Amino acid sequence: MPENLLLAALPREERSRLGPFLEPVEVKLQQLIFAPNEPITHVYFPFDFVTSTVHEMRGGESVEVGLMGVEGLVGIPVWLRQRTTPTRAIVLVPGRGLRMPAALFLREVVHKASPLNDLAAAYAHAFLVMTAQVAACNRLHSMDQRLCRWFLLVYHRVRSTEFVMTQDFMAQMLGVHRPTVSTTASLLQQAGLISYNRGRVTVTNHEGLKAGACECLQLMEAQFDKIFDGSWRELAGREDRKL
Amino acid sequence: MHKRFDTSTPPPRPTIFLVNDDRDGLRPLTTRLRSLGYRVLVAAHPDDAQEWTASEFIHADLALVDLVRKTTEEVLRAGRQLRQHAKYDGHTPLVVMAGNYGPDLEGTHVEVSPHDWVTYPGQADELYQLISRLMPAAG
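Protein chains in written order, with the numbering used here: chain A, 1 to 243; chain B, 1001 to 1139.
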């Protein structure tokens, strides 16, 4: 069966041991995975869904600080032995995966000598780098570079050229003014990189998007590659072929 | 033809007076408008726009206002104040960009009063189509 790359990287015996604690899950668009300062109930292992970690300000404005997909897990605070966190995790692209109750994750992974701990540590580090890179990128790079970078981060995790994504939602995730998404997406569309039609994005030129993205894309993905000693996109492709 | 911000010398190209305080959105917008053949004059804040139009004559065929963290009503008010301040004769179109809206409104425009438009960009092409409808031909 195809699965999440952290789980796929486990030794066979460990994967079998954890099997009974994992349950299949299908998540919906914009479903809340955990809310700010509320107990985190589960740790999720995405297969083809993508979540966004969002930081919200008092005035209701929000900005995405990182993306999670098949290369990682949703619930780093649990691995760090925290019950809550000030950020929100929300489903950006719906899909399937597995999940484990937070209490079982603590008991069966964190408090045991599970090989998943090393993978989770490497992933937590890569995700920290991603959040730092996002902060720098938001301050230093132009909107078109950032949008190219963001479309590719999503595209790599969805592994499909087409996904549902309203511009309204994109503006919330990117922490930008709503019309800015329209005018910037229009430039990318005019350049033949994407097409957008009422909530549906199609990546039409992957290489063109890569050329248009800032250096942050490669820096971020390289950190996730380090977890697996190679391209995680290729590993995800191998998992997809098992379908 | 150049009714608003009266002028003695006609500009070489149809001119848009853009009031935009969005650091992220300014470049994509001006890039596209200029590629369509318009001359774009930019004020980065409504106060700058008022000071500018009060101190000198500016050629403009259309005023486009896009302000962050403001309701559509507030942006409209800012655009109308600008027109008042510049002793505008009332016929040059004012287009304001709405800040918050869902996919149902994407790509639509509403003429809220004669010559005043609220636009809800979707693919943004609709915005440029509206502008070309309200202005003399570019390029």
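The set of hints was computed from the structure by calculation and includes no laboratory data. Since this is a predicted model, take the numbers as computed values, not measurements. Ideal Cβ positions, reconstructed from N, Cα and C, are used throughout, including at glycine. Take these hints with a grain of salt, some might be off.
[Said to hold, decoys possible] Distance ranges between label pairs, derived from CB positions:
| hint | chain 1 | residue 1 | chain 2 | residue 2 | range |
| --- | --- | --- | --- | --- | --- |
| 1 | A | 39 | B | 1037 | 56 to 64 Å |
| 2 | B | 1047 | A | 206 | 51 to 59 Å |
| 3 | B | 1042 | A | 11 | 53 to 61 Å |
[Unchecked claim] Not close to chain A: a few residues of chain B, all C-beta gaps over 12 Å, as computed:
| hint | residue |
| --- | --- |
| 4 | 1021 |
| 5 | 1035 |
| 6 | 1048 |
| 7 | 1058 |
| 8 | 1080 |
| 9 | 1083 |
| 10 | 1097 |
| 11 | 1104 |
| 12 | 1105 |
| 13 | 1116 |
| 14 | 1120 |
| 15 | 1125 |
| 16 | 1133 |
Status of each hint after checking the structure:
Here the CB-CB span from residue 39/A to residue 1037/B is close to 58 Å, well matched to the stated 56 to 64 Å. The given range of 51 to 59 Å is broken by residue 1047/B and residue 206/A, whose C-beta atoms sit roughly 44 Å from each other. Under the hint 53 to 61 Å, the C-beta atoms of residue 1042/B and residue 11/A, about 60 Å apart, fit the expected range. The non-interface label for residue 1021/B is inconsistent with chain A: the shortest C-beta to C-beta separation is roughly 9 Å, within 12 Å.
Not every CB of chain A is more than 12 Å from the CB of residue 1035/B (nearest about 8 Å), against its label as outside the interface. Interface exclusion of residue 1048/B from chain A stands, the closest Cβ pair being 18 Å apart, more than 12 Å. A cut-off of 12 Å between C-beta atoms confirms that residue 1058/B is not in contact with chain A; the least separation is 23 Å. Every beta carbon of chain A lies more than 12 Å from that of residue 1080/B, the smallest distance being close to 19 Å; the non-interface claim holds.
In this structure residue 1083/B is separated from chain A by more than 12 Å, as the shortest Cβ-Cβ distance comes to about 21 Å. The non-interface label for residue 1097/B is inconsistent with chain A: the shortest C-beta to C-beta separation is roughly 5 Å, within 12 Å. With a closest Cβ-Cβ approach of about 9 Å to chain A, residue 1104/B is found to fall inside the 12 Å limit, against its non-interface label. In this structure residue 1105/B is not separated from chain A by more than 12 Å, as the shortest Cβ-Cβ distance comes to only about 10 Å.
Remark: the non-interface label on residue 1116/B is consistent with the geometry, its nearest Cβ contact in chain A lying 17 Å away (cut-off 12 Å). Non-interface call for residue 1120/B relative to chain A: violated, since the shortest CB-CB distance, roughly 8 Å, does not exceed 12 Å. For residue 1125/B, the non-interface assignment is contradicted: its Cβ lies about 6 Å from the closest Cβ of chain A, within the 12 Å cut-off. The claim that residue 1133/B is not at the interface with chain A holds, since no C-beta of that chain comes within 12 Å of its own (minimum 17 Å).
Of the hints listed earlier, those the structure fails to meet are numbers 2, 4, 5, 10, 11, 12, 14 and 15, in rising order.
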